[in-house]
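For the record, the sequence lines run as chains S and C.
Position 238 (the first sequence) corresponds to 238 in this note's numbering; numbering is contiguous.
Position 102 (the second sequence) corresponds to 1102 in this note's numbering; numbering is contiguous.
Note that these hints are calculated values from the structure, not bench results.
Computed from a predicted structure; not experimentally measured.
Glycine residues also receive a C-beta, built at the ideal position from the N, C-alpha and C atoms.
Be aware that a few hints might be false.
Quick list of simulated restraints, FRET-style, between CB atoms [to be verified]:
1. C:1025 to S:107: 25 to 35 Å
2. C:1004 to S:340: 50 to 60 Å
3. C:1126 to S:242: 41 to 51 Å
4. C:1141 to S:14: 16 to 26 Å
5. C:1072 to S:55: 25 to 35 Å
6. S:419 to C:1104: 19 to 29 Å
7. C:1004 to S:55: 46 to 56 Å
8. S:340 to C:1070: 50 to 60 Å
9. S:107 to C:1141: 21 to 31 Å
One letter stands for each residue in the lines below.
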Amino acid sequence: MLNVDVKLLCGQSELTLPRLLQGLRALKTSTHGSESVPGLQAAQRTAALWKKYTFEEPIPNEVFDILNLVDEFADHRCSDDRDRIFALYALANNVKTRSWAGWSDRLKRPGSVSKDRTIIMDINYSLDVRETYINFAKSCIAAKMGVRLLEAAITRNLVRDIEDWPSWVPDWRVQVTRCGLLYRELQSMSHTFLRSAEPKCSGTIQVQAAFLGVGTPMRPSRLDDELEALFPNVVSKSQSSTCRSVASIFHAVEELYAQWPMSYHEQGSEIDLGNDIDKIARPYDELQVRILALEMIRYLFKLGPEGTLDSFVTFMGDHMELFEMYPLASDMALPGEVTSALRHHSVFVAVCKLPKLIRHSPVPLPMVDIGTRSMLEGDKLFVVGPPTKSRITYTSQSDPDWRYHAIILRSLGNLNHYRVVGEAVFFYKEHAIDRYLEIGKLKSMLE
Amino acid sequence: MLQPSFQHNAPLRISFDEANIWEALGDYEAVSYTWGGPELTFPLYHDDGFCVWVTGNLDLALRRLRHRLDPRRLWADAAYIDQSNLAEKAIQIPQMNRVYRGAKRVLAFLGPGGGEGEQGMRLLSRASQARKGTQIANNESTSRQVGALFSLPWFRRS
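Please take these sequences and the hints and turn them into a complete structure.
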């Protein structure tokens, strides 16, 4: 319907789309509570899309990203759900079939990957919806859009859990049901660490990822055996759904740390937490933890409407007691967007298994994290992009903080088989992690 | 090409334009409609004696659009694309947006009307003519009618 001239016909009545828009505007200005009209918002979205793709001057080199488009058109019904992807080929400019005339000979060969992140996928109606979506997911990962894709899978309802549906494949028939933690950040990331390898069988795919830390990159082969140890495991979590204010998040974080074995606090020496978590050092420095919690809250405020982040920063500046340990004298409510995002997430603590080469040295691990509510103890965080450094210095002694973006993987018993269960953002002190976050390679079977 | 008829109930007669759709750019109107039921039980009679089977909604749409005297050059997906031919579908579906974009205009058939949805459309039509700042009577029935309009299945498809 992306035509300049669209006329709606209903019975004997007619109305052009521009008139419909004008009528909606006129009604909107005179209506209070137009959100109560069912279907109005969906229709306004449709109209906005029509305007965008019909009239707006395309910006040169603008990417009409098929992953955005499938999301934008997600609430439209399709008589054939495979067309949720195929029908957008003409509109998107980052998806092409293998047989496209513009490819070089190299790219016409099966398995070759385009350098400019173009998704290469053939249109094949002999495959069913599931196979089509799996193919599309593989093609996106091959085009280095794996993290976007995984987030699309994570933020949709997990109806597919009860079916035989791979956890890393977004079901485009289902609308996004929760706010993703990573998306806004990922748009600005120049690269992510998820690379593809060949699919193994219909349900699984072998994913390769390189992991780059802040230290000097090492040759991947050297860390191959150790790499699994570099991915933090979830240790414990606390529901954040009841958090309504800055103080309540602090409280949740501090409770979480307080639950840890007393020997931590007392001795600051190595202790054994069990099979999965090897020897770790004193993780709990109250000031550090509070600074990290502040970083986390600042990150969450980005989910709020414009201006709320600024008011939080002002609040922080005005209340230096945030950095001290006595109870907070003041508090600030979280914006509605943040509390509703928190409904689907938990505050949690995770720890790294340390690589053998540095296991003898006690490494402090203050770490504050926010992640999917459905995660369990033992789930693994798989870092998907370069860490981001905080630009704010809170205290004169504080080291820079790093923010990491991760997806959460759950082991299926077999060491190399994981399900994608969610996403997480975690915050670290620089000196705690830069020693052992090096480049490496993880091969895992995602199911 | 939809053949004219004076009678609403007369069978729908068509002929296929063999012209390449790209040569016909701007010279046809594209019909946008929801399938309604999945059953292809309504016939379009072709000049050469064969039939194309379409859904009830397209049948209604074409009857609504049929001229009395002149043939009308229309494009509609089920009539143009052989849905059971997978290879043809693979070529045609990705080009649908171009087909719609290249049409003289798009005629969106929302339904046979007669209900509150149609009233909602008339209401928006009136509202669109109102001068800036004019208050439009807004009450329960207004939002019910506009709601009924946007609940029509067409607004939920691409």
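Broken hints, by number = 6, 7, 9
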